[in-house]
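The listed protein sequences derive, respectively, from chains U and S.
Residue 251 in our numbering sits at position 251 of the first sequence; the count goes up by one each step and never skips.
Residue 1067 in our numbering sits at position 67 of the second sequence; the count goes up by one each step and never skips.
Worth flagging that the hints you see were computed from the coordinates, not collected in a lab.
Small disclaimer: the values here were computed from a predicted structure and weren't measured.
Be careful, since some hints might not be right.
Unchecked claim - Heads up, simulated BS3-like pairs for lysine-lysine below, C-alpha to C-alpha not over 30 Å straight-line:
| hint | chain 1 | residue 1 | chain 2 | residue 2 |
| --- | --- | --- | --- | --- |
| 1 | S | Lys1126 | U | Lys248 |
| 2 | U | Lys233 | S | Lys1126 |
| 3 | U | Lys248 | S | Lys1079 |
| 4 | U | Lys233 | U | Lys248 |
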Amino acid sequence: MYILGMAISFFGFVLLGLLILRGTRSHVFRLFPLFYSYITYIFCGTLAMYLTLWLKPQKYATAYWIYFLVTILAEFMVLVEISDQIFRSYPAIRYLGRALTLLIAASLGGFYILPTILQSTGRTETLFEFTLRASVTKAIILAVLFYLARHYGSRLGRNVGGLMLGFSIYVGMNIATMAGAKAFGEGLFSQVFWFMVPLSFVLCISIWTLSLWEYSPIPERRSVAPVMGRDSKAVVLELTRFNSELTKFLHK
Amino acid sequence: MLIYAAIAIAFLIVVLGFFRKSPAQQADEFLPASHPAPNTGNIRWLDLSERIFDPSDARWLRDELAFPRLAELLTHERKRLAIEWLRALQASFDTLVRTPEISLSEAPEAPSPGSWQMLWLTVRFKFLVSYALLVVRLFGPYHRLIPSFSWVPFSRESGRSFQQADLVDSRSIH
Chain U
1 MYILGMAISF
11 FGFVLLGLLI
21 LRGTRSHVFR
31 LFPLFYSYIT
41 YIFCGTLAMY
51 LTLWLKPQKY
61 ATAYWIYFLV
71 TILAEFMVLV
81 EISDQIFRSY
91 PAIRYLGRAL
101 TLLIAASLGG
111 FYILPTILQS
121 TGRTETLFEF
131 TLRASVTKAI
141 ILAVLFYLAR
151 HYGSRLGRNV
161 GGLMLGFSIY
171 VGMNIATMAG
181 AKAFGEGLFS
191 QVFWFMVPLS
201 FVLCISIWTL
211 SLWEYSPIPE
221 RRSVAPVMGR
231 DSKAVVLELT
241 RFNSELTKFL
251 HK
Chain S
1001 MLIYAAIAIA
1011 FLIVVLGFFR
1021 KSPAQQADEF
1031 LPASHPAPNT
1041 GNIRWLDLSE
1051 RIFDPSDARW
1061 LRDELAFPRL
1071 AELLTHERKR
1081 LAIEWLRALQ
1091 ASFDTLVRTP
1101 EISLSEAPEA
1111 PSPGSWQMLW
1121 LTVRFKFLVS
1131 YALLVVRLFG
1141 PYHRLIPSFS
1151 WVPFSRESGR
1161 SFQQADLVDS
1171 RSIH
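When you get a sec, could you build the whole thing from the sequences and use the hints?
Here it is, written out as structure tokens:
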């Protein structure tokens, strides 16, 4: 089981390297800055973990859990990137996804995730609970983003669609794994469940590598609106006009 | 444990449902919505709202011609028209929001205060139009949309004091 886990983890590491290499070659890197920052962090973190395991194996467990906790927080960057990309071509709601992502993350972080650390019973239980609640928060954010993308008819394209699909599978599997670990205890987790974490990540990375292999622009719409393609200033004026008309109407 | 398993399964179903599109849905995706989106710059369309939300016709029927049933019917019909008008305004706004921007560069733009301002205007409009729809649905088209606070003693006093202050100011100017 240990060798299998290590093999999965190493495969993930190779895929991460491939993703970064491909990103720099195909210039997708600069189009998804937050996502590639996260990927670079994971790549460096995994490398540091391998070095720790090789040079100071007695400190590996502590180093791994610290890296794991920081990674859970860093994953919110992927959500911010996804939310930015969904509404990129719509000037009026360009930051809607980002605003909602930050709002949901901050509110659930304060009322749902943080109490697990403040009212901790034991280190392992706290880690499981923290990861589980952070994953549920990410799933909620993703569900909201999916709903908004559908509501506004946003076309995702291969790149953003792949980002969302890969991350959704990872988050869904994490929720199931951590819920199982919490229910069946640390013993079963260290024997069976632990390799589900790198497995879900490898699945996610595989989808990301395939979808971000090359830049795929968002498909053009056949017909969208009577007025095609406005610039931001025109949209600000239109939005202000709509608001002033409605405000006038409300004050009657 | 069970609740989290249900969350995980429901979440994956939502995700798969999102990526699966029926052919009918794809075909209908760009058809106009059920509420036609008028141009807000159209004066006649804006004038229409004046007529819809004007209670004088209903009052005339009820008070001067003494036809309360007819006035009630007119109010009911105006309520339907008011809801349609507000929905059409919302549809027009949604069309604007869903209009993609033609950008020459593919690189992500740097965050600008203009984008946050646009988001604020969008959220504000959505909130106000939802509120207006709720008030019209609940109380009809002739109800005040912004509640009057004249019954609050503080507001009356403060209003009076503001008026007095204005008078003092105007006297001091002259």
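Hint check results:
Proposed proximity of Lys1126 (chain S) and Lys248 (chain U) is supported: the alpha carbons are some 15 Å apart, at most 30 Å. Taking the CA atoms of Lys233 (chain U) and Lys1126 (chain S), the gap is near 20 Å; set against the 30 Å cutoff, the hint holds. Between the alpha carbons of Lys248 (chain U) and Lys1079 (chain S) the distance comes to roughly 19 Å, so the proposed pair stays at or under 30 Å and holds. For the proposed pair Lys233 (chain U) and Lys248 (chain U), the alpha carbon gap of about 22 Å is at most 30 Å, so the pair holds.
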